[in-house]
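Chains as they are written, first to last, in this note's numbering: chain P, -2 to 251; chain V, 1056 to 1334; chain S, 91 to 375.
Calculated directly from the structure, the hints in this document are not laboratory data. Among the hints, erroneous ones may be present.
Keeping only pairs whose Cα atoms sit at most 25 Å apart, straight-line, the calculated SDA-like set for lysine to any residue is [claimed, not checked]: (1) V:K1333 to P:A177; (2) V:K1332 to P:L178; (3) P:K21 to P:A177; (4) S:K150 to S:G267; (5) S:K96 to V:R1146; (6) P:K21 to P:A229; (7) P:K110 to V:E1218; (8) V:K1332 to S:H185; (9) P:K99 to V:R1146; (10) V:K1333 to P:A229; (11) P:K110 to P:N126; (12) P:K110 to V:F1143; (13) V:K1332 to P:E136; (14) P:K194 to P:G165; (15) V:K1332 to P:R140; (16) P:K99 to P:G165; (17) P:K194 to P:W134; (18) P:K232 to P:L189; (19) V:K1333 to S:R253.
Some residues of chain S that are not near chain V, with every Cβ distance over 12 Å (derived) [said to hold, decoys possible]: (20) Q94; (21) L130; (22) T134; (23) S142; (24) L153; (25) R253; (26) A265; (27) F354.
With the Cβ distance kept under 7 Å, some of the chain P side facing chain V (calculated, not the full set) [unchecked claim]: (28) V81; (29) R84; (30) M89; (31) N95; (32) F97; (33) G108; (34) L114; (35) R115; (36) F146; (37) V164.
A virtual CB, placed ideally from N, CA and C, is assigned to each residue, including glycine.
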Amino acid sequence: MVENKHKVSLTDISIFYGKLHVVKHVSVELPEKEITAIIGPSGSGKSTLLRSLNRMNDHISGMRITGEALIDNQNILANGVDVVMLRRKVGMVFQRPNPFPKSIYENVAYGPKLQGLRSKADLDIIVENSLRQAALWDEVKDRLHVSGFDLSGGQQQRLCIARSLAVGPEVLLMDEPASALDPAATAKIEELMLMLKRTLTVIVVTHNMQQAARVSDRTAFLLGGELVEYDATRKIFTTPQDKRTDDYISGKMG
Amino acid sequence: MRQSYTLPEMFLLGALGLALLPPLAAVLYIFVRAAAGISLEFIFAMPAQRGITGGILPAIVGTLWLLFGTTLVVLPVGVGAGVYLAEFAPRNRFTHLLEMALINLAGVPSVVFGLFGYAFFVLTLGFGSSLLSASLTLAIMTLPLVVTATREALHGVPGSFREASLALGATRWQAVSTVTLPCARSGILTGTLLALSRAAGDTACILITGAAFFLPRLPTSFMSRFMALPYHLYISATQLPGMPPERIWATAGVLLFLVLVMQVSATLWRERERRLKKW
Amino acid sequence: MPYQQKLVTVAGYTVLLLTAAIFLFVAAQAWPFFREQVDLSFFTGDRWLPVSSPPTFQIKGFLVSSFMITTMAVVLGCPIGILSAVSLAELLPRHVSVLLRSVFEMTAGIPSVVWGFLGLTVIAPFVARVFNLNTGLTGFSAGLVLSVMVLPTLVSLADEALRAVPREYAEASYALGTTRWQTIWRVIVPAARGGLVAAVLLAMGRAIGETMTVLMVAGGRLTTPGSIFEPMRPITALIAAEVTNAARHSEQYHALFAAGLVLFTITLAVNAIAAAVIGGKKEAG
Chain P
-2 MVENKHKVSL TDISIFYGKL HVVKHVSVEL PEKEITAIIG PSGSGKSTLL RSLNRMNDHI
58 SGMRITGEAL IDNQNILANG VDVVMLRRKV GMVFQRPNPF PKSIYENVAY GPKLQGLRSK
118 ADLDIIVENS LRQAALWDEV KDRLHVSGFD LSGGQQQRLC IARSLAVGPE VLLMDEPASA
178 LDPAATAKIE ELMLMLKRTL TVIVVTHNMQ QAARVSDRTA FLLGGELVEY DATRKIFTTP
238 QDKRTDDYIS GKMG
Chain V
1056 MRQSYTLPEM FLLGALGLAL LPPLAAVLYI FVRAAAGISL EFIFAMPAQR GITGGILPAI
1116 VGTLWLLFGT TLVVLPVGVG AGVYLAEFAP RNRFTHLLEM ALINLAGVPS VVFGLFGYAF
1176 FVLTLGFGSS LLSASLTLAI MTLPLVVTAT REALHGVPGS FREASLALGA TRWQAVSTVT
1236 LPCARSGILT GTLLALSRAA GDTACILITG AAFFLPRLPT SFMSRFMALP YHLYISATQL
1296 PGMPPERIWA TAGVLLFLVL VMQVSATLWR ERERRLKKW
Chain S
91 MPYQQKLVTV AGYTVLLLTA AIFLFVAAQA WPFFREQVDL SFFTGDRWLP VSSPPTFQIK
151 GFLVSSFMIT TMAVVLGCPI GILSAVSLAE LLPRHVSVLL RSVFEMTAGI PSVVWGFLGL
211 TVIAPFVARV FNLNTGLTGF SAGLVLSVMV LPTLVSLADE ALRAVPREYA EASYALGTTR
271 WQTIWRVIVP AARGGLVAAV LLAMGRAIGE TMTVLMVAGG RLTTPGSIFE PMRPITALIA
331 AEVTNAARHS EQYHALFAAG LVLFTITLAV NAIAAAVIGG KKEAG
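Turn these sequences into a full structure, and let the hints guide you.
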């Protein structure tokens, strides 16, 4: 495998909720335009780590983070960082589909409008492109003005992906994006992820090891907040170096 | 499934019946007695002969002015404070103090608000007995209701909407103004409508801050004295021996009708929104 | 911080400021009276004589009246209110409860002046006839009307407290083979105790502060009533009846604000106790 340049590199990241040490000294480098999966049992700090990459944890009181997180060689944890700009660059898709109670069109146009884009023609183009990228356009192009809630769960999740794409991110964080979906919808999301990595760096937290094995290029295994092992997905799933990784992926744990 | 009840449970249901009977009977009785006194003239004419003939138009219009004035003040301040408490207030001692103030303000009797309004707006600020003094006083009285309704409506909006908005690069204010506030809009408006129905029926505040019994003209500005339905009812019922009873009942009927229309429309609207809401 | 966020912050601070301002302002108007007052006769005396010389201002009669009427309203209203709340929360099918809650909410909106009018024209004559009194305008009639008026507050708060009890408690109880009746009284009501006490306290606070009904129905005699079947004047009615007639900065004016401050303090105390009961329960849970 050709090694892409590093998009995200974490050095000695620790996250605390009050006195609770949730993520412990994690250092890892994630290549550009690949899919990295973060796996691990519940409570291993996967989501917390993911959410620190667009500073969504900032809104939790009592949260403290130490270490260095570079995206394109800029430390996103530094004090002066504009989190609004950061989140435009680092998009996020949540566990449960969470479209706004607005029309499909308004959902996708939401981000660009926040940035001050008003031209109907420009918005139309962005909405169409984003929906196409999220493989949803053909299903909704005739009903862009119905509520996002009228879509099926899988479609709602792709709508949320389109909504993130409309802002033009370079990194997409996905927090168990298919855990609330049925297998058919899950397959569609996975297929979509493989298309997205042509243009984006994708980091996905997942409970589902088959999913990690199917879509990701690299896998990080977190246990109790510690990074146990990080390697090419193929290696993690065939010849794990650590006994605990082996136990986890073979189902003896969590 | 058909519910069946044991004898002691029937007793509980009886208590419920007993609780509901007086207010429902009261409403019905008032409307029946009011029917005799209601006419187009009664509603749309100026009063004459110290209110013994003519109509109560100035009292109706005065109450509408009061509601308008109260809304103008309480809506921005109340909704603003509710938004602050629900979305921006840090969890600290100061916010706790603010919450306590809100609870206490809600428990203050309306006559105490009247007392404050009288000393502060009427006398100290020199607004005199006027629509302005009364509206400001009613706005303070309804403030805790509007703040609480706003805060509860915002708390009812799923946190995932807020998160999604922030993750798309919204500032905190943008997340509030473009997502959570629009989602909470109907809850806020129905809460405000309910609060205003309180203001429409309140007598103690306006009795002290500027209502007049007999003014055969409509208010011309917020500095005018004014007639208002509840005050009109109070005076005609207690201080005017010569007042024909059907006119008093009719005044009570009109006031009750206005208040109930506000209440019922707020309730129906809220139920409708609750059914339509998909989150 | 965008200016809109600053504006809502200011609005939030306004609520706090306003509450403090109201208390301080009423207290400031009452201060000249208390400064002259060397003993406790304001609270213990029975003479309210604003126009005699020298005038005397003593509020025992009004406090006793408020106490009598409030007690009667709460004693009558509580059993009915709490039993109604139990019916709503535990017995009736959901859609019926939802409808009835709206009806209660609606009755809460019936203006107190309308209740006062009904008390004056319907209840007072009825009370006079039944108890063979010279006048029906007594504390008893006022208490009767107030007991109906506090029901919506009482029912909605008690209903809320009962519904806040986790469903698992009831299920655990049913699983042990108890009947619904036993479950209600041995599990649900005890678990909701704090909220029910708070509901009663807040209903009491409403009754104390109620003005128009007592002004119109209680009769208005200024001395301490010997029984609830006498005409009387609660403290709220005193204020409403006299404040606009008192010349600004006259002794009567300051005395009325002193009475208002007492009323304010009583309702604050009732509220604070209710908040402490609810808060204490939360910490324990």
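Can you name, in rising order, the numbers of the hints this structure does not satisfy? Result: hints 3, 4, 9, 10, 20, 27, 34, 35 break, sorted rising.
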